[in-house]
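Protein chains: 2
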Amino acid sequence: MRNWEKNIRKTVPYVPGEQPRGEHIIKLNTNENPYPPAPGVEKALKEISAKRLRLYPDPACSVLVEAIAQTYGVGTDQVFTGVGSDDVLAMCFMTFFNDTKPVLFPDITYSFYEVWADMLRIPYEKIPLDEQFSIRREDYRRANGGIIFPNPNAPTGVELPLADIEDILRNNPDVIVIVDEAYVDFGAESALKLLNRFENLIVVQTFSKSRSMAGMRIGYAIASPVLIKYLNDVKYSFNSYTMNETSLAAGRAALLDQAYFKEVLAKIIATRERTKKKLKEMGFSFPDSRSNFVFARHETCPAEKLFEGLKEAGIYVRYFNSPRISEYLRITIGTDSEMDEFFAVLKPLVQRLKQKEA
Amino acid sequence: MRNWEKNIRKTVPYVPGEQPRGEHIIKLNTNENPYPPAPGVEKALKEISAKRLRLYPDPACSVLVEAIAQTYGVGTDQVFTGVGSDDVLAMCFMTFFNDTKPVLFPDITYSFYEVWADMLRIPYEKIPLDEQFSIRREDYRRANGGIIFPNPNAPTGVELPLADIEDILRNNPDVIVIVDEAYVDFGAESALKLLNRFENLIVVQTFSKSRSMAGMRIGYAIASPVLIKYLNDVKYSFNSYTMNETSLAAGRAALLDQAYFKEVLAKIIATRERTKKKLKEMGFSFPDSRSNFVFARHETCPAEKLFEGLKEAGIYVRYFNSPRISEYLRITIGTDSEMDEFFAVLKPLVQRLKQKEA
Numbered sequence: 001m002r003n004w005e006k007n008i009r010k011t012v013p014y015v016p017g018e019q020p021r022g023e024h025i026i027k028l029n030t031n032e033n034p035y036p037p038a039p040g041v042e043k044a045l046k047e048i049s050a051k052r053l054r055l056y057p058d059p060a061c062s063v064l065v066e067a068i069a070q071t072y073g074v075g076t077d078q079v080f081t082g083v084g085s086d087d088v089l090a091m092c093f094m095t096f097f098n099d100t101k102p103v104l105f106p107d108i109t110y111s112f113y114e115v116w117a118d119m120l121r122i123p124y125e126k127i128p129l130d131e132q133f134s135i136r137r138e139d140y141r142r143a144n145g146g147i148i149f150p151n152p153n154a155p156t157g158v159e160l161p162l163a164d165i166e167d168i169l170r171n172n173p174d175v176i177v178i179v180d181e182a183y184v185d186f187g188a189e190s191a192l193k194l195l196n197r198f199e200n201l202i203v204v205q206t207f208s209k210s211r212s213m214a215g216m217r218i219g220y221a222i223a224s225p226v227l228i229k230y231l232n233d234v235k236y237s238f239n240s241y242t243m244n245e246t247s248l249a250a251g252r253a254a255l256l257d258q259a260y261f262k263e264v265l266a267k268i269i270a271t272r273e274r275t276k277k278k279l280k281e282m283g284f285s286f287p288d289s290r291s292n293f294v295f296a297r298h299e300t301c302p303a304e305k306l307f308e309g310l311k312e313a314g315i316y317v318r319y320f321n322s323p324r325i326s327e328y329l330r331i332t333i334g335t336d337s338e339m340d341e342f343f344a345v346l347k348p349l350v351q352r353l354k355q356k357e358a
Numbered sequence: 001m002r003n004w005e006k007n008i009r010k011t012v013p014y015v016p017g018e019q020p021r022g023e024h025i026i027k028l029n030t031n032e033n034p035y036p037p038a039p040g041v042e043k044a045l046k047e048i049s050a051k052r053l054r055l056y057p058d059p060a061c062s063v064l065v066e067a068i069a070q071t072y073g074v075g076t077d078q079v080f081t082g083v084g085s086d087d088v089l090a091m092c093f094m095t096f097f098n099d100t101k102p103v104l105f106p107d108i109t110y111s112f113y114e115v116w117a118d119m120l121r122i123p124y125e126k127i128p129l130d131e132q133f134s135i136r137r138e139d140y141r142r143a144n145g146g147i148i149f150p151n152p153n154a155p156t157g158v159e160l161p162l163a164d165i166e167d168i169l170r171n172n173p174d175v176i177v178i179v180d181e182a183y184v185d186f187g188a189e190s191a192l193k194l195l196n197r198f199e200n201l202i203v204v205q206t207f208s209k210s211r212s213m214a215g216m217r218i219g220y221a222i223a224s225p226v227l228i229k230y231l232n233d234v235k236y237s238f239n240s241y242t243m244n245e246t247s248l249a250a251g252r253a254a255l256l257d258q259a260y261f262k263e264v265l266a267k268i269i270a271t272r273e274r275t276k277k278k279l280k281e282m283g284f285s286f287p288d289s290r291s292n293f294v295f296a297r298h299e300t301c302p303a304e305k306l307f308e309g310l311k312e313a314g315i316y317v318r319y320f321n322s323p324r325i326s327e328y329l330r331i332t333i334g335t336d337s338e339m340d341e342f343f344a345v346l347k348p349l350v351q352r353l354k355q356k357e358a
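Residue numbers (UniProt numbering), protein chains in the order written: chain A, 1 to 358; chain B, 1 to 358.
Worth flagging that the hints you see were computed from the coordinates, not collected in a lab. Among the hints, a few may not be true.
Identical copies look the same in the list; a pair holds intra-copy or inter-copy alike.
[Stated by the list, open to error] Capping the alpha-carbon separation at 20 Å, the derived lysine-lysine pairs in PhoX-like fashion look like this:
id, residue 1, residue 2
1, K354, K280
2, K354, K311
3, K277, K267
4, K262, K10
5, K262, K51
6, K193, K311
7, K6, K229
8, K10, K101
9, K126, K101
10, K101, K6
11, K10, K229
12, K51, K267
13, K354, K305
14, K347, K277
15, K347, K311
16, K278, K267
17, K126, K51
18, K280, K305
19, K305, K356
20, K276, K347
Using the sequences and the accompanying hints, generate a full structural model.
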């Protein structure tokens, strides 16, 4: 090791799902939306004048912040935007989690929470989900330096009812509570309606899933003005201009078309319900999902074998070789025809694996 | 103060230059390029298929990394990209500056260095520039946890000769040395040619100035593969997908047109030299600038008065009310006609201020 290596921050980075490229691939592994963004997004991108790009973008991201505020009926001083919800969440960790007491989050959850805490040297404690993969609200009544969980949870898809979130907030008035709603639009209830009553609540959402714009990197937080001010102070201390011109314009355009948004969500929810039914018929079980994925295990076939067999056929799902969940696959909901192709591969694969075992 | 406020990170954020909007404004305050990006950039943006945006971008930013590697004759494993050079530099601070010994940078320099160090709780020591606003290489021979400086320096515009950079590297083999070359294309010599000999050197550049793309947020670092690997590990621990689809495509397009790039640089350099001559005739003095701005003081007129007088006329320059530089204005080089308008306002303003004093 060279001398200069000893003070380098060594990290075990989060491993994102594979991003295979190719024509005959079905990507059901990173929870992307199978439908394109609202038509207005392409129009907005085509209308961007390249001349404008010589200038810095608006550091306050006003056009986008205003569109979000209007969409959700909050003040513009209640909205913070970032380069995907990962950027927003990382800024939240940096801004709000500075106690010596541990930050609490579930043991099975978005794996980035642990990565951020490690990287930022934030103490944390992972609270086990119950046997049904649910968060138990009574577990969040211990001393802590902040709380974060996704709702619905990832990669389980399980929704925590709003009454439980309210209970957690009521029992934690002295720390910041972050509800990460990356998947909330697919059928769960948003904690946004609790904002008026809890000044220490932050709701984080993203354009990557329900708005079909993972490729644009747009996330946002909605909270009380005082929290948004603190977040902006940290953001301006890190990188004043995080969102480029195209993100601001495309994000705004997506929000203007609520009809398209609802239509896409209805299609994905319908496909999800059909997918659940078929999976059940094939011997899979899963917690009820309110997201755009199903987290399923088969009664006899090992998840890793299914993952590999699907991949050989060009169908990518997500497999986590981690405690408690190593027998599960996270299957993103694609279009109906993508799910038909998925089942056309999965059925004979399950048959083959069953025969091998017998 | 609410209880939950006590563990919030409080920062004094960097204050970026004003971003006034309006038709009759001449912006010479944030060192943007007065010319539009290469024509290929607009074309690349128009060709982006909105359908593609539903997918996450390539986390490795390959199309852009390859174009940068090819442009500078380095390996793709020697290139790291980020959301503007601020993002790249902040990641560098986080990755490389983890010693208990102080990081060294000049007392007059890019003010973000101090902001990042404060936010990340990195100890640092500011080394005074000499009377001519030059970095003295012998000042960088003390115990330290890393070194960073811009070349040319900001906001002075002064170039540090390559021999001095080499001397600093030779005397600091055990720490990471970052040369921030945001303005290098406007006539200074790049430290890129030292890369083969110093594995602990990082060169950071940006598309915001010489490539007219501040609005797209693209920066990059070029270094030895081992340093780039460490940077990527930290980046993947923070936000795997920082650069959106449009940045990757537009950035690549800009690099393909080297002829346009050189033409724009030649125009700006010619305008800068004309501007220097006129400023001198009017009683201004300034260190020789190798950047796209001039850092000038007037022999009698107070900088703050000049700043305010120009602003009233719709001409924005940058004024820093800081020790040692409170009598200087940083004037970005615009087009010839913008500089003509600038002088048309500045000349009578200087006259008026002189008369007042007399």
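Outcome of the hint check:
no. : hint         : in the structure
1   : K354 to K280 : within (16 Å within a copy, 86 Å between copies)
2   : K354 to K311 : within (18 Å within a copy, 77 Å between copies)
3   : K277 to K267 : within (16 Å within a copy, 66 Å between copies)
4   : K262 to K10  : neither (44 Å within a copy, 40 Å between copies)
5   : K262 to K51  : between (35 Å within a copy, 18 Å between copies)
6   : K193 to K311 : neither (41 Å within a copy, 44 Å between copies)
7   : K6 to K229   : between (37 Å within a copy, 15 Å between copies)
8   : K10 to K101  : between (24 Å within a copy, 18 Å between copies)
9   : K126 to K101 : within (13 Å within a copy, 34 Å between copies)
10  : K101 to K6   : between (28 Å within a copy, 13 Å between copies)
11  : K10 to K229  : between (31 Å within a copy, 10 Å between copies)
12  : K51 to K267  : between (39 Å within a copy, 17 Å between copies)
13  : K354 to K305 : within (11 Å within a copy, 84 Å between copies)
14  : K347 to K277 : within (14 Å within a copy, 79 Å between copies)
15  : K347 to K311 : within (14 Å within a copy, 71 Å between copies)
16  : K278 to K267 : within (17 Å within a copy, 66 Å between copies)
17  : K126 to K51  : neither (49 Å within a copy, 38 Å between copies)
18  : K280 to K305 : within (19 Å within a copy, 76 Å between copies)
19  : K305 to K356 : within (12 Å within a copy, 85 Å between copies)
20  : K276 to K347 : within (14 Å within a copy, 76 Å between copies)
This entry does not satisfy hints 4, 6, 17, going by the numbered hints stated previously.
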